[in-house]
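Given the coordinates of chain E, assemble chain R onto it according to the supplied hints.
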Amino acid sequence: GAGVSQSPSNKVTEKGKDVELRCDPISGHTALYWYRQSLGQGLEFLIYFQGNSAPDKSGLPSDRFSAERTGGSVSTLTIQRTQQEDSAVYLCASSKSHLSSRGGGAQYFGPGTRLTVL
Amino acid sequence: EDQVTQSPEALRLQEGESSSLNCSYTVSGLRGLFWYRQDPGKGPEFLFTLYSAGEEKEKERLKATLTKKESFLHITAPKPEDSATYLCAVQAGAGNNRKLIWGLGTSLAVNP
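These protein sequences, in sequence, are chains E and R.
Residue numbering for the first sequence follows the numbering used here, beginning at 8 and increasing consecutively.
Residue numbering for the second sequence follows the numbering used here, beginning at 129 and increasing consecutively.
In isolation and in its complexed conformation, chain E is listed as follows (with noise of 0.2 Å):
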């Protein structure tokens, strides 16, 4: 079956533009995550939507930073007036069931879009 898509896969743009990358998770999968990937780095944690509760948005670096999550599915994740320091390879996965069951940890990834903030 279809896995996690991202896009675009890759994005340039100019510091100070804000810009827009979409995730669309495994259908059926509840639970969706947010990750950024710097090299020599892990992976960093951003935000996380299960279903309808209130997502965890303990992860994102700072108010420029937001995600949303429509009708449970596709997720867009949105960096305002963008940084140097925000380019990154910013990763998207999805799980079957909910952080807090056995098992939730089992994520599945998308190839990521690879941001370049000029």
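The hints are simulated quantities; they were obtained by calculation from the structure and are not laboratory data.
A hint or two may mislead.
What the hints assert, rightly or not - If we take Cβ atoms under 10 Å as the criterion, some of the chain R residues that face chain E in the derived model are:
| hint | residue |
| --- | --- |
| 1 | G160 |
| 2 | G169 |
| 3 | E173 |
| 4 | G231 |
Note that the structure is predicted; figures quoted are calculated from it, not measured.
Ideal Cβ positions, reconstructed from N, Cα and C, are used throughout, including at glycine.
Then chain R, alone, in the frame of chain E:
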């Protein structure tokens, strides 16, 4: 503080040369430990979940084991296509505050 440490950072093997990757953790309330493989330019690919000490999981040339302090990913007779970065993540905490804590990964290169 919850922490996951992977070693070595990088490993180079000859084809057929078996070895092990290590993931050590200090977390409160371990709920599960996960191994992923990541190829360059791609997202991580889920491999295994381990829940309790003594548990083992196998897939082709890979076997993951878990103790109370660490996990090992054993690679038996590796092939060049096993070259990738292997990531370990731990699910910790209680209630709705459970989260995944990720290691930095081990970069594995298998030479033909």
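These are the hints, each one checked on the structure:
1. Checking G160 (chain R) against chain E: minimum C-beta separation of about 5 Å stays under 10 Å; hint holds.
2. At about 8 Å, the closest approach between the beta carbon of G169 (chain R) and any beta carbon in chain E falls short of 10 Å, and the interface hint on this residue holds.
3. Checking E173 (chain R) against chain E: minimum C-beta separation of about 7 Å stays under 10 Å; hint holds.
4. The interface hint given for G231 (chain R) is met, as the beta carbon of that residue sits about 6 Å from the closest beta carbon of chain E, less than 10 Å.
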